[in-house]
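Chains A and B, in that order, give the protein sequences. Residues are numbered in my numbering as their position in the first sequence, beginning at 1, plus a constant of 1321. Residues are numbered in my numbering as their position in the second sequence, beginning at 1, plus a constant of 2.
By construction, these hints were calculated from the structure, which means they are not laboratory data. Ideal Cβ positions, reconstructed from N, Cα and C, are used throughout, including at glycine. Be careful, since some hints might not be right.
When the alpha-carbon atoms are kept at most 30 Å apart in a straight line, the in silico DSS-like pairs for lysine-lysine are as follows [said to hold, decoys possible]:
id, chain 1, residue 1, chain 2, residue 2
1, A, Lys-1390, B, Lys-60
2, A, Lys-1357, B, Lys-199
3, B, Lys-199, A, Lys-1333
4, B, Lys-60, A, Lys-1338
5, B, Lys-119, A, Lys-1390
6, A, Lys-1333, B, Lys-122
7, A, Lys-1333, A, Lys-1343
8, B, Lys-124, B, Lys-220
9, B, Lys-46, A, Lys-1357
10, B, Lys-272, B, Lys-220
11, B, Lys-124, A, Lys-1326
12, A, Lys-1326, B, Lys-272
13, B, Lys-60, A, Lys-1326
14, A, Lys-1357, B, Lys-272
15, B, Lys-46, B, Lys-122
16, A, Lys-1357, B, Lys-122
17, A, Lys-1333, B, Lys-124
From the structure, some residues in chain B lie toward chain A, with a derived Cβ separation under 10 Å [unchecked claim]:
id, residue
18, Glu-66
19, Pro-68
20, His-121
21, Lys-122
22, Pro-126
23, Val-128
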Amino acid sequence: MIFNKVAQIITKNAHCKIEDVKPESELMTLGIDSLKAITVLFELEEAFDVEIPNELIPSIVTVSDIVDKLEGVHH
Amino acid sequence: MSHRVMITGLGVVSGFGLTTDEFWQGISHGRCAIRPLPPHDDLKIKVGATLPDYDEEKLFTSDELPYLDRFAQLSILAAEQAASDAKFTDDETLLNAAVIIGNAAGSKNTDEEVYEKIHKSKRPRVHPLAIIKGMHSSVASSVSRHLGIQGPVFSVSSACASGAHAIIQGSMMIQQGLVDVALVGGTDAPFPYVLLKAWEAMRVVSDDVCRPFSKDRKGMSLGEGAGVLVLESEEHAKQRGANIYAELAGYAMSADAGHITRPEVNSIAKTMKNALNNAGIRSEEVDYVNAHGTGTQSNDLAETQALHQVFGKHAKDIAVSSTKSMHGHVLGASSAIELIATVLAMNNGVIPPTINLTETDELCDLDYVANVPRHQKVEVAMSNSFAFGGLNAVLVLKTIDR
């Protein structure tokens, strides 16, 4: 399931609890700053074998934004 | 007014281990940290002074490791030791200090990881912090971040004289009054496979051990590690009651503008003379020279001839040793590690030997402290670095009670 994998990668980089990662959680609030964000994007691309284009990044604010984008690029 | 420069802290990471004490115990007993490398069918280089049982995951966090190349890790470990050894009691001192770290080989470990991913594994992307991890200056900026230092921070590169050039830069800043304290030294981690293949092609690395000044010498042995010293103005050190190891009394820098690998005798002799003049030391006052002593035919002969030229009749009275025979040639870290070896020789009254010196070379006819350490008082000492590209740096130390 995409959400679970995304939550795992966010948890690893933000050092937060996995139960704190909810679809509506904002990445900045979870502790993902801009430097950690590029690492999260890299790990997502590796995990899902996709390319996340730069132009999608400004619209990523919450965890569900990532899940939606991944579902989009995946299909 | 020019401030005098004292050495008040030492930190070494070497093939002997992660501490200055392990380093000194090793070289002061004539032990060898050059050991077999993991077997590889395609490498003619079989030995090197690698760090024993090094585990980066035990020393750094998972957040830090993506931006810390091995050469920056070693720089941090040496700098932390040096700062701890200097026993600063207030935060302001470190906050305003300088950090100048030399490096020769660059971030070859990161380069190899990146090239492996793109060229060999054919992955479409590399880790996003590869740029940060691979910056040459990370050897200094990482120390600044780890120790909270906000003064002048940068790296220098001059091949195997990098550490000495960094030490001189820090010394000049203190002399000019720009800073009271400077953390200076060098670091290198030259064991990635591709870099070893490049060294192999140059045919300057010995296939067994490093035997400087021995007639049967076959070349250098590579080592990895870092050396960092705390330099401090005399006033600042005395005001806070610091332990002063020695005075960095003088130095000189030059370039051969000649052969790209073989030291030019006249040029390196001139550099040694200039360093003595800069220190206000007469040549007959020098007790010990920590030689560049790489173990190549050309370096050891040229250095011996230059020592004769500088010291004349006194040359044969001076103890000369190459500690590279024990800790290997740590490239950009060598001159810093060797200055620390020299400082410790002065403080312990023990001259570390040149090991593996088994066959007399009639052209290398000085006292090389062959094979066994020597208990001898050292009040004035010189440390030489003659790098590829013809870049030379010579440092002169004296005890503080002189």
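Here's how the hints hold up against the structure:
Annotation: proposed proximity of Lys-1390(A) to Lys-60(B) is violated, straight-line Cα distance about 36 Å (limit 30 Å). About 35 Å separates the Cα atoms of Lys-1357(A) and Lys-199(B), which puts this hinted pair outside 30 Å; it is violated. The straight-line distance between the Cα atoms of Lys-199(B) and Lys-1333(A) is roughly 37 Å, outside the 30 Å bound, and the hint therefore fails. Straight-line distance between C-alpha atoms of Lys-60(B) and Lys-1338(A) comes to about 23 Å, which keeps the hinted pair within the 30 Å bound.
In summary, the hint linking Lys-119(B) to Lys-1390(A) is supported, as the alpha carbons are separated by about 26 Å, within the 30 Å threshold. Taking the CA atoms of Lys-1333(A) and Lys-122(B), the gap is near 28 Å; set against the 30 Å cutoff, the hint holds. Straight-line distance between C-alpha atoms of Lys-1333(A) and Lys-1343(A) comes to about 15 Å, which keeps the hinted pair within the 30 Å bound. The straight-line distance between the Cα atoms of Lys-124(B) and Lys-220(B) is roughly 39 Å, outside the 30 Å bound, and the hint therefore fails.
Pair hint Lys-46(B) plus Lys-1357(A) does not hold up; C-alpha atoms about 41 Å apart against a cutoff of 30 Å. For a cut-off of 30 Å, the pair hint linking Lys-272(B) to Lys-220(B) stands: about 27 Å separates their Cα positions. For the suggested pair Lys-124(B) and Lys-1326(A), the alpha carbons sit about 24 Å apart, so the restraint of at most 30 Å is met. Distance hint between Lys-1326(A) and Lys-272(B) is unfulfilled; the C-alpha atoms sit about 65 Å from each other, more than 30 Å.
Between Lys-60(B) and Lys-1326(A) the CA atoms are separated by roughly 27 Å; this keeps the pair inside 30 Å, and the hint holds. Taken as a hint, the Lys-1357(A) and Lys-272(B) pair is broken in the structure, with Cα atoms around 52 Å apart against an allowance of 30 Å. A C-alpha spacing of about 22 Å is found between Lys-46(B) and Lys-122(B), which places the hinted pair at or below 30 Å, so the restraint holds. A distance of roughly 27 Å separates the Cα atoms of Lys-1357(A) and Lys-122(B); the hinted pair therefore holds under the 30 Å criterion.
With a CA separation close to 26 Å, the supplied pair Lys-1333(A) and Lys-124(B) stays within the 30 Å bound. Given the 10 Å rule on beta carbons, the hint for Glu-66(B) is violated: about 12 Å separates it from the nearest Cβ of chain A. Among the interface hints, the one on Pro-68(B) holds; its C-beta lies about 7 Å from the nearest C-beta in chain A, closer than the 10 Å criterion. Nearest Cβ of chain A to the Cβ of His-121(B): about 18 Å, over the 10 Å cut. The hint is violated.
Violation of the interface hint for Lys-122(B) is found here, the shortest Cβ-Cβ separation to chain A being roughly 16 Å, above the 10 Å cut-off. Given hint, Pro-126(B) at the interface with chain A, holds; its Cβ is 7 Å from that chain's nearest Cβ, closer than 10 Å. Interface hint at Val-128(B): satisfied, since its Cβ lies 8 Å from the closest Cβ of chain A, which is below the 10 Å cut-off.
Checked against the numbered hints above, the structure breaks hints 1, 2, 3, 8, 9, 12, 14, 18, 20, 21 and satisfies the rest.
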